[in-house]
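Residue numbers (my numbering), protein chains in the order written: chain Z, 164 to 504; chain L, 164 to 504; chain S, 164 to 504; chain A, 164 to 504.
For the record, the hints were derived by calculation from the structure and aren't laboratory data. Where hints are given, some of them may not hold.
A pair holds if it fits inside one copy or across any two, identical chains being indistinguishable in the list.
What the hints assert, rightly or not - Listed below are the simulated EDC-like cross-link pairs for lysine to aspartate or glutamate, each with C-alpha atoms no more than 20 Å apart in a straight line:
#: 1; residue 1: K198; residue 2: D479
#: 2; residue 1: K466; residue 2: E189
#: 3; residue 1: K434; residue 2: E330
#: 4; residue 1: K496; residue 2: E189
#: 5; residue 1: K421; residue 2: E173
#: 6; residue 1: K205; residue 2: E173
#: 7; residue 1: K384; residue 2: D276
#: 8; residue 1: K496; residue 2: E201
#: 9; residue 1: K181; residue 2: D501
#: 10; residue 1: K205; residue 2: E458
#: 11; residue 1: K384; residue 2: E294
#: 12; residue 1: K476; residue 2: D290
#: 13; residue 1: K421; residue 2: E185
#: 14; residue 1: K496; residue 2: D479
#: 15; residue 1: K198; residue 2: E173
#: 16; residue 1: K466; residue 2: E185
#: 17; residue 1: K384; residue 2: E458
#: 18; residue 1: K466; residue 2: D290
#: 19; residue 1: K466; residue 2: D478
4 protein chains.
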Amino acid sequence: MLYFQSDYIEGAHESLLKRLMETNLEPLSGYGEDKYCESAKKKIRAAVGYPNAAVSFLVGGTQTNSTIISAMLSNYHGVIATTDGHIFVHEAGAIEHSGHKVLTLPSHNGKMDADELADYLETFYADPTYEHCVIPGMVYISHPTEFGTLYSKAELQALDRVCAQYEIPLFLDGARLGYGLMSNQTDVTLKDIADTCDVFYIGGTKVGALCGEAVVFPGGKLPTHFTTTIKQQGALLAKGRVLGVQFDTLFTDDLYFKISKHAINMAEKLKDMFAKKGYSFYMDSPTNQQFIILENSKYEELKKEVCMSFWCKYDDNHTVVRFCTSWATTEEKLEELDKLL
Amino acid sequence: MLYFQSDYIEGAHESLLKRLMETNLEPLSGYGEDKYCESAKKKIRAAVGYPNAAVSFLVGGTQTNSTIISAMLSNYHGVIATTDGHIFVHEAGAIEHSGHKVLTLPSHNGKMDADELADYLETFYADPTYEHCVIPGMVYISHPTEFGTLYSKAELQALDRVCAQYEIPLFLDGARLGYGLMSNQTDVTLKDIADTCDVFYIGGTKVGALCGEAVVFPGGKLPTHFTTTIKQQGALLAKGRVLGVQFDTLFTDDLYFKISKHAINMAEKLKDMFAKKGYSFYMDSPTNQQFIILENSKYEELKKEVCMSFWCKYDDNHTVVRFCTSWATTEEKLEELDKLL
Amino acid sequence: MLYFQSDYIEGAHESLLKRLMETNLEPLSGYGEDKYCESAKKKIRAAVGYPNAAVSFLVGGTQTNSTIISAMLSNYHGVIATTDGHIFVHEAGAIEHSGHKVLTLPSHNGKMDADELADYLETFYADPTYEHCVIPGMVYISHPTEFGTLYSKAELQALDRVCAQYEIPLFLDGARLGYGLMSNQTDVTLKDIADTCDVFYIGGTKVGALCGEAVVFPGGKLPTHFTTTIKQQGALLAKGRVLGVQFDTLFTDDLYFKISKHAINMAEKLKDMFAKKGYSFYMDSPTNQQFIILENSKYEELKKEVCMSFWCKYDDNHTVVRFCTSWATTEEKLEELDKLL
Amino acid sequence: MLYFQSDYIEGAHESLLKRLMETNLEPLSGYGEDKYCESAKKKIRAAVGYPNAAVSFLVGGTQTNSTIISAMLSNYHGVIATTDGHIFVHEAGAIEHSGHKVLTLPSHNGKMDADELADYLETFYADPTYEHCVIPGMVYISHPTEFGTLYSKAELQALDRVCAQYEIPLFLDGARLGYGLMSNQTDVTLKDIADTCDVFYIGGTKVGALCGEAVVFPGGKLPTHFTTTIKQQGALLAKGRVLGVQFDTLFTDDLYFKISKHAINMAEKLKDMFAKKGYSFYMDSPTNQQFIILENSKYEELKKEVCMSFWCKYDDNHTVVRFCTSWATTEEKLEELDKLL
């Protein structure tokens with residue numbers, strides 16, 4: 164059986180496990196106040212090009228989204244996302260459980276359009292009864308998006324300008340950030356993200372770690388009493404070292420970028436493989452998630468030997484499936500897949 | 164420097180790390196639907212003596228408390244705890260953030276008294292306007308308690324009887340459960356806990372794991388849509404294997420019990436050591452947390468070479484400190500401490 | 164100046180104020196446990212044709228919506244509404260503040276389509292990962308809708324069938340219910356609503372009362388500890404008599420229906436008036452809200468002498484405005500308006 | 164039968180009902196944007212001696228408490244009250260439903276002690292792990308308290324000083340404020356309350372209105388998007404006129420103070436009556452609530468002809484009951500009671 168259904172089917176990059184082993188018996192303070200967290204933060208600050216950035220480690224994506232949103236919004240605020248935003252669709256109401264509405268704008272292959280955002284905000288405040296509605300208090304985007312697509316630098320800057328005009332923070336969910344940064348088709352660097360976003364996170368869970376997301380506030384200020392909010396969200400890991408050691412390793416010798424680049428290379432191969440065999444793509448994804456249109460009969464046949472994700476029905480005779488590569492994908496597995504196709 | 168400040172200063176028991184290494188590259192389903200989670204559940208069901216028990220893995224204590232409470236209470240319900248209950252004091256309002264009040268009863272060295280519980284409930288329902296108040300919907304206890312003390316089997320049974328009479332579930336926070344079960348001064352087995360509690364958890368974070376708490380519903384039924392609640396709480400780990408592999412290892416060859424017993428043995432030695440030197444104890448703890456009364460000058464002196472937890476002021480001249488042993492405490496370290504005292 | 168901007172610009176029908184006066188000094192129990200509430204409930208049960216219906220009085224619409232939703236949903240539940248549903252758009256996030264997501268379906272002039280609802284639910288449960296999403300736990304509709312439109316009896320029955328199949332309650336927001344029931348173009352009776360809905364409310368605020376909404380559970384059972392939920396929502400009026408006396412009067416001698424009928428008659432006149440003068444309607448509303456398309460210049464001119472609600476821009480040269488009639492609209496005012504047009 | 168069980172057993176002072184009648188058919192804007200609300204605000208600003216105070220009208224006490232607390236606290240904040248504070252005991256978890264913990268200090272006949280508050284805050288911030296706990300974000304007191312007792316001016320000033328030092332707002336629940344201000348045993352004026360509190364409300368429901376509480380921010384600034392919070396709490400009355408007209412009347416010609424004074428006079432008579440007959444008082448209340456200790460046999464006898472509130476058991480043979488006077492209490496009724504005793 165071949166496994167391409169997601170980018171979190173293996174454990175962690177072995178360097179991370181080794182470091183966990185090596186440091187295992189060192190007595191360390193809990194709750195993220197250990198030297199590995201400190202060291203990881205320093206390296207991340209350097210990587211993002213903001214030496215005073217505030218960095219914090221959390222365990223998983225949904226948790227990180229709801230913690231950041233809860234910390235940065237007031238009770239009357241909602242958060243703007245696209246209609247296919249992860250927080251709107253796939254987080255079991257975590258944001259609403261924290262008391263906040265997710266306000267939606269159209270999705271353009273997963274992306275939010277800055278002009279549509281500006282229109283929305285202008286129209287919102289033009290209504291004299293707007294205070295009867297949820298006040299937009301944050302913009303949430305993901306990069307790569309749910310569809311593996313990427314914002315251009317100009318698009319991020321345009322969103323940033325609108326947010327700045329309305330004084331609402333721009334929050335970028337980077338659960339798969341490495342794969343976005345290492346794409347062959349991006350002009351966006353980690354520094355660009357820090358330049359344009361008020362807060363973002365560098366995903367570990369899907370990029371080589373057992374778990375862990377590194378939240379970055381480039382401006383250098385954590386939200387007031389952020390530790391309390393993290394604890395309140397059940398997100399304060401007692402053994403913060405688990406996150407610190409992993410991110411410290413990921414940001415040593417560019418490991419995070421190297422393994423992301425590997426996944427991109429594997430994705431490009433996979434793409435070529437499918438393209439050469441005449442398969443069509445549901446959309447052009449420049450990252451590690453590839454969306455292929457399969458004839459239903461082919462899908463049924465392939466399912467016997469390949470795990471992939473059902474994405475949606477394309478038409479009565481075709482199905483869209485998702486193939487993911489990751490830091491762990493090997494050339495051998497791709498070759499096996501090639502033979503199967 | 165010697166480190167006795169808590170039972171989560173080291174990483175994980177090395178068997179767990181080894182298993183994480185060995186299984187690292189196996190492709191597995193996410194979100195706890197892998198074979199290691201399945202295997203761990205089977206072993207836990209056997210260990211608790213309830214072959215049909217429902218088991219679920221979460222990451223940390225506060226998260227587990229708020230997930231269980233959110234899943235089992237209705238909007239009008241509160242949860243009863245003692246005034247020093249972890250959920251009341253040290254969880255940054257996580258329970259209230261989920262919309263539920265923590266109702267309090269007096270603490271007897273960390274324990275709730277069944278008669279006082281019965282009185283409270285009788286008085287509550289005797290008030291004709293009780294519906295203007297939060298309805299008691301669950302009883303929360305911890306075992307060991309915040310003070311390392313333990314319920315007797317008879318005490319658990321008494322609490323169970325009161326809960327049964329009022330049809331409210333009894334929930335036992337077992338963040339340090341191993342240390343309670345392996346105490347020399349307990350008549351409570353894991354089976355007894357399953358017999359008396361509607362839900363409890365077996366703590367991993369403080370008993371040898373990197374992270375992880377195993378929630379057990381002996382009755383065999385998870386709360387409706389429990390996965391949704393877990394996700395909503397940001398507690399659904401993408402790589403559920405991290406929890407599955409660890410608990411599978413902890414419940415293989417009684418590892419969980421053996422390392423807990425080790426911690427108890429170390430605690431007994433530490434206790435003797437202090438007692439022989441004439442130190443007094445703030446309370447008699449039968450588990451891995453020991454509360455010692457130090458003269459302030461001694462405390463200041465000792466602090467230079469030993470990490471311990473400040474607990475409270477005893478009087479103007481004395482301070483109460485906590486020493487913890489754990490699965491990782493070694494005889495050598497105890498001997499070094501002995502020399503210092 | 165003429166006032167047609169809404170149906171709550173006057174106080175209360177004078178019979179209600181008179182009864183408040185007459186009963187003012189009678190000492191009565193608080194919190195809705197007085198004889199006028201009791202009498203009003205009895206009359207409402209008779210009017211809906213369910214002698215065992217459970218009835219409860221709340222103060223206003225948003226409050227009633229969030230109280231009912233909070234009482235009937237579990238933490239993992241969301242409520243399905245159309246994209247223009249009042250709870251989705253105009254309640255400042257009250258539902259999300261209670262922890263619940265509003266799930267949306269397309270609006271057909273304010274109405275939900277039963278087939279689309281069935282499709283949505285079927286698709287939802289067909290996804291094997293549906294537990295990562297908010298579970299649909301209720302269907303919310305309003306009748307009349309935000310656009311003054313009405314469900315037919317067959318449409319309500321169709322929604323009821325889908326809800327029954329999925330065992331989710333159907334909740335009808337009847338803030339303007341009287342105007343719906345008395346429309347010339349409806350085949351829906353109050354009994355039909357009780358037959359098809361699990362819970363609904365009979366609006367008082369917009370139909371002759373100072374304030375007040377009568378919630379009806381035709382099945383006869385209030386949600387568990389409903390009083391506690393009402394209190395928790397800040398919706399338990401100390402002087403429940405204010406609501407009891409008003410609804411008792413509204414349901415004496417069919418006053419509620421008579422004053423609603425009057426508003427409908429006035430709306431029909433107003434409609435004729437506009438139609439005869441060649442104005443177009445934005446949509447065909449069979450109730451007390453009429454949506455007229457005005458040339459912008461006409462709109463500006465009219466604004467000087469008539470209060471109406473801006474609804475939306477129709478095109479660059481036209482504006483849609485809303486005219487409301489109510490129990491308080493007089494023939495004289497209509498004639499004055501006629502002259503102006 | 165005689166009725167003394169509470170101060171909300173009658174409707175409204177008849178001047179208020181008359182004004183509601185007189186203004187009933189005037190077309191007015193909704194949601195508190197009418198001229199009567201405006202006029203009432205102006206009069207209240209004058210009465211409190213803060214011409215720039217911000218004033219807002221809500222419907223009832225629990226609603227007002229949870230709206231103010233929700234508006235002024237951040238997610239990590241709790242509100243400090245005494246153990247018998249209304250928000251802690253009698254509001255069905257409304258505050259926790261909004262996500263906030265109620266932190267408690269001892270009650271001294273219903274009052275909070277400024278020194279204990281200072282100690283609590285000092286101790287709280289001295290704990291280096293305080294961010295694991297709910298951050299104190301507001302102090303809530305009531306005046307009169309649940310026991311009818313009153314703060315002295317010096318006591319209010321002392322609380323104010325502590326709050327100012329820690330930069331947390333002081334919030335005074337004045338559900339029965341009139342009865343406190345008109346007590347014979349107070350040195351506190353309405354201006355003093357405005358001088359010392361950051362926000363307070365002037366209760367209408369228990370002091371002559373059908374419903375309504377006037378919230379005052381002496382500093383002149385409403386919390387950001389307060390209208391949105393009010394709406395979110397289901398507390399935005401469509402016909403705001405109902406509150407505006409009533410408060411406008413209450414603050415015309417000192418009606419609020421005159422009817423409060425009347426209640427105090429009646430309470431003093433009642434007190435004398437009981438005292439002369441040799442009854443003991445559970446505590447010395449200077450306001451309209453009087454707590455009398457009755458022999459159980461006397462209580463049973465009296466219950467047949469007098470409605471009073473059961474307060475608590477005093478001992479096996481005695482019961483504490485509450486008698487309330489109000490704006491509506493007449494001398495005749497007191498004389499009838501006198502005869503019965």
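Now for the hints, and whether the structure bears them out:
When the C-alpha separation of K198 and D479 is checked against a cutoff of 20 Å, the pair qualifies neither within a copy, at 56 Å, nor between copies, at 35 Å. Proximity of K466 to E189 under the C-alpha cut-off of 20 Å is restricted to the inter-copy arrangement: shortest distance 19 Å between copies versus 46 Å within a copy. In this assembly of identical chains, the alpha carbons of K434 and E330 never lie at most 20 Å apart, being 41 Å within a copy and 45 Å across copies at closest. Proximity of K496 and E189 under a CA criterion of 20 Å is satisfied inter-copy only: 13 Å between copies versus 38 Å inside one chain copy.
For a Cα distance limit of 20 Å, the shortest separation of K421 from E173 inside one copy, 17 Å, qualifies, whereas the shortest one across copies, 30 Å, does not. Taking the closest pair of Cα atoms, K205 and E173 never come within 20 Å of each other, the shortest separation being 28 Å inside a single copy and 23 Å across copies. When the C-alpha separation of K384 and D276 is checked against a cutoff of 20 Å, the pair qualifies neither within a copy, at 28 Å, nor between copies, at 36 Å. In this assembly of identical chains, K496 and E201 lie within 20 Å of each other by CA distance neither inside one copy nor across copies; the values are 38 Å within and 27 Å between.
Taking the shortest alpha-carbon separations for K181 and D501, neither the intra-copy value of 33 Å nor the inter-copy value of 34 Å comes in at or below 20 Å. When the C-alpha separation of K205 and E458 is checked against a cutoff of 20 Å, the pair qualifies neither within a copy, at 50 Å, nor between copies, at 40 Å. With identical chains, the CA atoms of K384 and E294 are at most 20 Å apart between copies only, with a shortest distance of 16 Å across copies and 29 Å within one. For a Cα distance limit of 20 Å, the shortest separation of K476 from D290 across copies, 12 Å, qualifies, whereas the shortest one inside one copy, 40 Å, does not.
Within a single copy, K421 and E185 get their C-alpha atoms no closer than 22 Å, and across copies no closer than 23 Å, so neither meets the 20 Å cut-off. Taking the closest pair of Cα atoms, K496 and D479 never come within 20 Å of each other, the shortest separation being 30 Å inside a single copy and 59 Å across copies. For a Cα distance limit of 20 Å, the shortest separation of K198 from E173 across copies, 13 Å, qualifies, whereas the shortest one inside one copy, 27 Å, does not. Taking the closest pair of Cα atoms, K466 and E185 never come within 20 Å of each other, the shortest separation being 40 Å inside a single copy and 27 Å across copies.
When the C-alpha separation of K384 and E458 is checked against a cutoff of 20 Å, the pair qualifies neither within a copy, at 51 Å, nor between copies, at 41 Å. For the identical chains of this complex, K466 and D290 are inter-copy neighbours only, at 17 Å across copies versus 52 Å inside a copy, given an alpha-carbon limit of 20 Å. Taking the shortest Cα distances, K466 and D478 sit within 20 Å of each other inside one copy (18 Å), while across copies they are farther apart (52 Å).
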